[in-house]
Amino acid sequence: MYTAEFAYKKATSVAEAIQLLQQHPEAKLLAGGHSLIPAMKLRLAAPPALIDISKVAELRGVRREGDTLVVGAMTTYRELETSDLLKAHCPLIPQAVYHIGDPMVRAKGTIGGSLAHADPAADLPASMLALGAKMKIQGPSGARVVEADQFFTGMFSTALQEGEILTEIHLPIRPGARMAYAKFPHPASRSAVVGVAVVVDGTEVRAAVTGAGEHAMRLTKLEQALAGKPLTTENISAACQGLLAPDHLNHDLVASREYRAHLVDVMAKRALMQAAGL
Amino acid sequence: MADKVHITVVVNGVEHHHEVEPRLLLVHYLRETLGLTGTHVGCDTSQCGACTVHLDGQAVKSCTMFAVQADGCSITTIEGLGSPGSLHPVQEGFWEMHGLQCGFCTPGMIMAAVDLLNKNPNPSEAEIRHALEGNYCRCTGYHNIVRAVQYAADKMAGKVAMAADD
Ligand SMILES: Cc1cc2nc3c(=O)[nH]c(=O)nc-3n(C[C@H](O)[C@H](O)[C@H](O)COP(=O)(O)OP(=O)(O)OC[C@H]3O[C@@H](n4cnc5c(N)ncnc54)[C@H](O)[C@@H]3O)c2cc1C
Ligand code: FES
Ligand code: FES
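Protein chains in written order, with our numbering: chain A, 1088 to 1365; chain B, 777 to 942.
Bear in mind the hints are in silico, worked out from the structure with no lab data behind them.
Among the hints, a few may not be true.
Below, a list of computed lysine-lysine pairs in the DSSO-like style, where the Cα atoms sit at most 30 angstroms apart [to be verified]: (1) K1128(A) <-> K1096(A); (2) K895(B) <-> K1174(A); (3) K780(B) <-> K1096(A); (4) K1316(A) <-> K1174(A); (5) K931(B) <-> K895(B); (6) K1142(A) <-> K1174(A); (7) K1096(A) <-> K1223(A); (8) K1142(A) <-> K780(B); (9) K1115(A) <-> K780(B); (10) K1097(A) <-> K1142(A); (11) K1128(A) <-> K1115(A); (12) K1115(A) <-> K1097(A); (13) K1115(A) <-> K1096(A); (14) K1097(A) <-> K780(B); (15) K895(B) <-> K1142(A); (16) K1128(A) <-> K780(B).
Sample of chain B residues lacking proximity to chain A, with all beta carbon distances greater than 12 angstroms (derived) [as the list claims (entries may be wrong)]: (17) V781; (18) V787; (19) H793; (20) L812; (21) E901.
Yeah, the Cβ is synthetic: ideal placement off N, Cα and C, and Gly gets one too.
Could you build all of it, start to finish, from the sequences and the hints given here?
Here you go:
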């Protein structure tokens, strides 16, 4: 299948990419292409120009800055999965990435592409919320930082404005925190029917779900139910009940609203049991 | 028509220069421009893995990238893996273990399996199945494909031992 015609521009720096976006306001950024290209082949998208940012060196890799891990937006899933820094300080990410798509998808897909695309069934948004990540965004008028809680605003929509680029993801290092991701994969596409990420940091429990609603969201009811309580099987089971009302949840061929609501409880329990080592 | 873009790629060790339309998919560049029809198009929707090739040493789906994205890269297709007289151990494994029936999925399956063994020379059965999740076979069944990969892993390990003995 051929996409519609487009002009191809390759950016070599963030500054150049921002400039190209201003020259071609209808253009789309091309990262790993694993959401954009399938959509273009189906002619669901037909941007007149693509600005390839996948080779911009300053957007790639994981580094440590004090008590933060800075992840470049164009870091591929494969690089996240094999990053020693993430394995040591933020094992939630490699664990969640292990279950994304397949090895070929993980070779090309990027964290920035996934977060900017904000597919309601994408895996990583749940981990971003549970970890309390911050998104660094650059545009023609400079840089700004948006909390993960404010970043996902709707189905396929985020706090990114026209002409802006997501450049870095900042993950706070939480020494001693225990974390886990539990996913019920779509039987064919492997994307998340429901995925729950949890981070247990001292007596604080942070939890978020993807796949259930229009966009990933915190499971505040669960967080409050477990705040300050020891993570015993009993407490976890009692807390993981009726976490989300089915009314506003997604529904499709694979899962009804009611079934999704049930899966949220089950995945939350699995993630918590794993994080608690039970 | 959108401006053509000059690309330089090394495919199976041979350097090529072409002016390509930006929307030309890598798989069509390989099959139609270079005539390397060993790489197949199965689903054309990024699901089946029949189009798998190696891009700078990593397995990718060549139907889900444009040829322009491969500029400056080195690509290996099934044609570059072995030859009829000297098959790659994974190719030999598919032969010996009856890892194919119609053979349509086989080039992609083999490229994904080689990618796995490059990263993990001694995979468990579960690891083999996880690594082949993006490659669909509609006729053999996966059982013999897994055995083919295990055969290749054993064969390659044997070779390493022999080389070390020298
Ligand atoms: C077969 C298959 C299986 C998959 N399975 C899963 C799965 O199990 N779980 C999962 O989470 N995902 C899955 N995906 C989706 C995959 O993770 C995508 O790669 C990802 O969602 C998008 O990342 P990308 O780098 O490919 O972005 P692209 O497709 O290149 O871009 C996506 C969108 O984001 C924009 N964009 C990209 N980068 C930036 C940036 N830095 N700043 C601003 N905007 C930007 C682009 O303009 C585009 O609109 C699957 C995809 C396929 C093809
Ligand atoms: S043809 Fe590329 S994944 Fe099926
Ligand atoms: S051998 Fe026929 S599809 Fe795999």
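Hints, one by one, checked against the model:
The hinted pair formed by K1128(A) and K1096(A) meets the criterion: a straight-line CA distance of about 19 angstroms does not exceed 30 angstroms. At roughly 17 angstroms between alpha-carbon atoms, K895(B) and K1174(A) fall within 30 angstroms of each other, so this suggested pair holds. Distance restraint check for K780(B) and K1096(A): the Cα-Cα separation of roughly 11 angstroms lies within the 30 angstroms cut-off, and the hinted pair is therefore satisfied. For the suggested pair K1316(A) and K1174(A), the alpha carbons sit about 27 angstroms apart, so the restraint of at most 30 angstroms is met.
Between the alpha carbons of K931(B) and K895(B) the distance comes to roughly 16 angstroms, so the proposed pair stays at or under 30 angstroms and holds. Of the supplied pair hints, the one linking K1142(A) and K1174(A) holds, its CA atoms being roughly 24 angstroms apart against a limit of 30 angstroms. Of the pairs offered as hints, the one joining K1096(A) and K1223(A) holds, with about 23 angstroms between alpha carbons and a cut-off of 30 angstroms not exceeded. Pair hint K1142(A) plus K780(B) holds up; C-alpha atoms about 20 angstroms apart against a cutoff of 30 angstroms.
This hinted pair checks out: K1115(A) and K780(B) have alpha carbons roughly 18 angstroms apart, not beyond 30 angstroms. Distance hint between K1097(A) and K1142(A) is fulfilled; the C-alpha atoms sit about 8 angstroms from each other, no more than 30 angstroms. Of the pairs offered as hints, the one joining K1128(A) and K1115(A) holds, with about 15 angstroms between alpha carbons and a cut-off of 30 angstroms not exceeded. This hinted pair checks out: K1115(A) and K1097(A) have alpha carbons roughly 12 angstroms apart, not beyond 30 angstroms.
Taking the CA atoms of K1115(A) and K1096(A), the gap is near 10 angstroms; set against the 30 angstroms cutoff, the hint holds. Taking the CA atoms of K1097(A) and K780(B), the gap is about 13 angstroms. The hint holds against a cut of 30 angstroms. Straight-line distance between C-alpha atoms of K895(B) and K1142(A) comes to about 23 angstroms, which keeps the hinted pair within the 30 angstroms bound. With a C-alpha separation of about 19 angstroms, the suggested pairing of K1128(A) with K780(B) holds against the 30 angstroms cut-off.
Separation of V781(B) from chain A is inadequate, the least Cβ-Cβ distance of about 5 angstroms not exceeding the 12 angstroms criterion. At roughly 18 angstroms, the least C-beta separation between V787(B) and chain A is larger than 12 angstroms, which holds for a residue marked as non-interface. With a least beta-carbon separation of about 17 angstroms from chain A, H793(B) lies farther than 12 angstroms from that chain, consistent with its non-interface assignment. Its beta-carbon lying about 18 angstroms from the closest one in chain A, L812(B) satisfies the requirement of being farther than 12 angstroms from that chain.
Chain A leaves E901(B) outside its interface by the beta-carbon criterion, the shortest separation being 16 angstroms against a cut-off of 12 angstroms.
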